[in-house]
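> For reference, the chains in residue letters:
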Amino acid sequence: MFKIVDGPIEGIDLEHEVRTDADGAVIVFRGVARRYSRGRDVVHLEYEAYAEMAEKVMRQIADEIKSRWPVSGVAIVHRTGVLEIGQASVAIAVAAPHRGEAFEAAQYAIDRLKQIVPIWKKEVWSDGSQWIGWEHEAQVHPSTNVLLQTDVSQGR
Amino acid sequence: MSETASQARICVQVRLFASYREAAGTNRLETPLPAGARVRDLVELLAARLPAVKTAPGMVAVNHTYVNPDVELHDGDEVALIPPVSGGRF
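Protein chains in written order, with my numbering: chain R, 1 to 156; chain W, 1 to 90.
Okay, chain R solo, but in the shape it has when bound:
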């Protein structure tokens, strides 16, 4: 399952999507909206996606994972719209025969998602708002960073 959803994603059973009887490990990662960001109080978050492309790039990430680790299943769901603090914006599930590759693959999935999947986050504070770019994330996996231009800094 690779999907952009315009509503809560907590209830989606991703483990069921990825687990096979050959698996000894299932990792389910959820990224959730956090109250504090760079010293400011977040009122809520807004996510926007280029849905058709985002789902395609999520599939590409799963293909990258399967070429690197012996995992049997990957699923990624990302939410759009307004999120209150504590709600999940993204859920990723990875199943593999052993936990080592499952943890590594899940970490790769979320790092890579933040690099190349066309989804944007806006932080809304009590006194303003801002679209958040990739200033922290560009070098997470340099070896696979081919899609990123060298000059992507936001200059702020």
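Just so you know, the hints here were simulated from the structure itself, not pulled from any lab data. Watch out, some of these pointers could steer you wrong.
Taking lysine-lysine pairs in the DSBU-like style, the calculated list, with each CA pair at most 35 Å apart, reads [stated by the list, open to error]:
(1) W:Lys54 with R:Lys56
(2) R:Lys122 with R:Lys56
(3) R:Lys66 with R:Lys56
(4) R:Lys56 with R:Lys3
(5) R:Lys3 with W:Lys54
(6) R:Lys122 with R:Lys3
(7) R:Lys122 with W:Lys54
Starting from the known structure of chain R, fit chain W onto it as the hints suggest.
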């Protein structure tokens, strides 16, 4: 490219998101270009109207695939200007 094609025009569908969408006040633009135009030509054209394309440069996708600025555009292409993606840390 034939000689007649050099006179011709193409039209691409531009999709705008997040900061670019807000700056433009719209999420779609239909943009005519000379035949043979490349991605960089479109970006230059749009930067005049949308300075953020230059000040906060991102990536460009044509028909849902990231491309480099030298790629030639064709009539009917969907071109997305992708501002820097979500980032931040969970």
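> Against the 35 Å threshold, does the CA-CA distance of R:Lys122 and R:Lys3 hold or violate the hint?
holds (20 Å)
> Given the proposed pairing of W:Lys54 with R:Lys56, does the C-alpha separation stay at or below 35 Å?
holds (27 Å)
> Between R:Lys66 and R:Lys56, does the CA-CA distance stay at or below 35 Å?
Given that 35 Å is the threshold and the Cα spacing comes to 16 Å, the pair holds.
> With the threshold set at 35 Å, check whether the alpha-carbon distance from R:Lys122 to W:Lys54 stays at or below it.
Distance of about 20 Å is within 35 Å: holds.
> Checking one constraint from the list: CA of R:Lys122 to CA of R:Lys56, max 35 Å. Satisfied?
holds (22 Å)
> For the pair we were handed, R:Lys3 and W:Lys54, check the Cα-Cα distance against 35 Å.
The hint holds at about 31 Å.
> Could you grab the alpha-carbon distance between R:Lys56 and R:Lys3 and see if it respects the 35 Å cut-off?
Cα-Cα ~9 Å, so holds.
This entry satisfies every hint, going by the numbered hints stated previously.
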